[in-house]
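Undergrad: With these hints in hand, go ahead and build the complete structure from the sequences.
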Amino acid sequence: MAAADGTVRARVLVRPKAGILDPQGIAVQRALPALGFDGVDHVHVGRLIELDVEDPDQLPEMCEKLLANPLIEDYEVQLLA
Amino acid sequence: MRFGVVRFPGSCDELDALSACERVDGAQAVLLWHGDRDLAGVDAVVIPGGFSYGDYLRAGAIARFSPVMESVIEFAAAGGPVLGICNGFQVLCEAGLLAGALLPNVGLRFLCRQVRLEVVSADVPFTSTCAVGDVLSIPVKHTTGRYWAPDDELDALEGAGRVVLRYAHGENPNGSARDIAGVCNAAGNVMGLMPHPEHAVDELTGSTDGLRLFIGMASAVRAGAGV
Numbered sequence: 001m002a003a004a005d006g007t008v009r010a011r012v013l014v015r016p017k018a019g020i021l022d023p024q025g026i027a028v029q030r031a032l033p034a035l036g037f038d039g040v041d042h043v044h045v046g047r048l049i050e051l052d053v054e055d056p057d058q059l060p061e062m063c064e065k066l067l068a069n070p071l072i073e074d075y076e077v078q079l080l081a
Numbered sequence: 001m002r003f004g005v006v007r008f009p010g011s012c013d014e015l016d017a018l019s020a021c022e023r024v025d026g027a028q029a030v031l032l033w034h035g036d037r038d039l040a041g042v043d044a045v046v047i048p049g050g051f052s053y054g055d056y057l058r059a060g061a062i063a064r065f066s067p068v069m070e071s072v073i074e075f076a077a078a079g080g081p082v083l084g085i086c087n088g089f090q091v092l093c094e095a096g097l098l099a100g101a102l103l104p105n106v107g108l109r110f111l112c113r114q115v116r117l118e119v120v121s122a123d124v125p126f127t128s129t130c131a132v133g134d135v136l137s138i139p140v141k142h143t144t145g146r147y148w149a150p151d152d153e154l155d156a157l158e159g160a161g162r163v164v165l166r167y168a169h170g171e172n173p174n175g176s177a178r179d180i181a182g183v184c185n186a187a188g189n190v191m192g193l194m195p196h197p198e199h200a201v202d203e204l205t206g207s208t209d210g211l212r213l214f215i216g217m218a219s220a221v222r223a224g225a226g227v
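Going down the list, the sequences are from chains A and B. Numbering-wise (our numbering), the first sequence opens with residue 1 and increments by one. Numbering-wise (our numbering), the second sequence opens with residue 1 and increments by one.
Check the hints yourself; a few may be wrong.
SDA-like mimics (lysine to any residue), calculated; alpha carbons at most 20 Å apart, straight line [as the list claims (entries may be wrong)]:
#, chain 1, residue 1, chain 2, residue 2
1, B, Lys141, B, Asp38
2, A, Lys17, B, Leu57
3, A, Lys17, B, Lys141
4, A, Lys17, B, Ala177
5, A, Lys17, A, Ile72
Source of the hints: derived by calculation from the structure; they are not laboratory data. This one's a predicted model, so the numbers in the text were calculated from it and none came from an experiment.
TA: Next up, the structure:
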C-alpha cells in the first residue's frame with residue numbers, strides 16, 4: 001500500500017448529495033441521447049481529487065474541512081495500491 | 001467611519017465596492033489584502049465579488065482559509081458589520097458565518113441582468129434605510145448563485161427573519177430556494193447576497209438602490225448600535 005517514500009496514494013470522489021438538483025448531470029444526460037447513446041439514466045457530475053498522503057487517517061478530516069462541502073456533497077475515500 | 005474591502009487574488013469587484021463605500025457621506029474606504037491579518041481598524045468589512053483563488057475546488061472554498069478571513073471571522077464574532085457580495089457571499093457560507101451554500105445556476109449559464117429584489121427584513125443594518133416590501137433594482141452576474149439549504153434550515157431562517165432579500169415574484173434568475181437572494185446570521189451583523197449593490201450606486205447605470213445597503217451599514221456603525 002505505502003510507496004517507497006512512505007506516502008499512500010489516495011483518491012477522493014466528491015458527488016452532489018442525493019436529492020439536490022444537479023443541473024450538470026441533467027445537461028449531460030440530455031446530451032447523450034443526442035449522440036445516439038440511449039438508455040442512460042441518473043447521470044451525476046462530481047469531482048475527482050488524487051493525492052499522496054503520509055497519514056491516510058487524516059483524509060476524512062481533509063474532506064470535511066476542504067475537499068468537500070458536507071452540506072451539499074458526499075465524499076468517498078479510496079486508498080490505491 | 002471607515003469601510004474595509006477585502007482583496008483576494010481573483011477578486012474583480014473590489015474597486016467598485018470601494019467606490020460605493022466612498023459614496024456614503026463622510027465615509028472612507030480602504031482595501032484589505034488577503035494575506036494580512038490586520039484589518040486596519042476599519043468599522044465595517046465588505047467581501048467583494050470575483051473569483052477568489054480562481055474559484056478552485058468550489059467558489060469561496062480556499063478564500064475562507066486566508067489570513068484576512070481569520071480576522072474577519074473574529075471581527076464578525078465581536079459584532080462588526082460584514083457584507084459579502086456574490087463571491088463574498090460564497091466565502092461567508094464556506095466560512096460557516098452564514099447558513100447554506102451556493103450551487104450552479106439551474107440553467108448552468110452565466111447570468112448578467114438587472115433584477116428586482118424585495119426587502120423581507122429591515123431589522124438588520126444593511127436594510128435599515130428600507131421598509132419591508134420595498135423593491136430594489138440591483139444587477140446579478142454569476143454562474144454559481146443558486147442558494148440552497150436543507151428545508152429545516154430554510155424554515156428556521158424564515159422563522160427568525162434572517163431572509164433579508166428575495167428575488168421579486170417571477171425574477172428568480174438561478175433557481176434559488178424560496179427565491180432567496182440574501183440572508184443574514186443570527187445576530188444580524190453578517191449578510192450575504194448574490195446581487196451586486198456596488199454596481200447600483202449611480203443613475204448612469206440605472207439605479208442607486210444598491211447604495212442604500214452601504215448607507216445602512218455606515219448608519220449602524222455611527223449609531224454605535226453594537227449590532
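Undergrad: Work down the list of hints and note, for each, if the structure agrees.
TA: For each hint, the structure was consulted:
Between the alpha carbons of Lys141(B) and Asp38(B) the distance comes to roughly 30 Å, so the proposed pair goes past 20 Å and is violated. A hinted pair counts as satisfied when its Cα atoms are at most 20 Å apart, and Lys17(A) with Leu57(B) qualifies at roughly 16 Å. A threshold of 20 Å between alpha carbons decides the hint, and for Lys17(A) with Lys141(B) the separation of about 26 Å lies outside it, so the pair is violated. Between Lys17(A) and Ala177(B) the alpha-carbon distance is near 16 Å, which keeps this suggested pair within the 20 Å criterion.
Distance hint between Lys17(A) and Ile72(A) is fulfilled; the C-alpha atoms sit about 6 Å from each other, no more than 20 Å.
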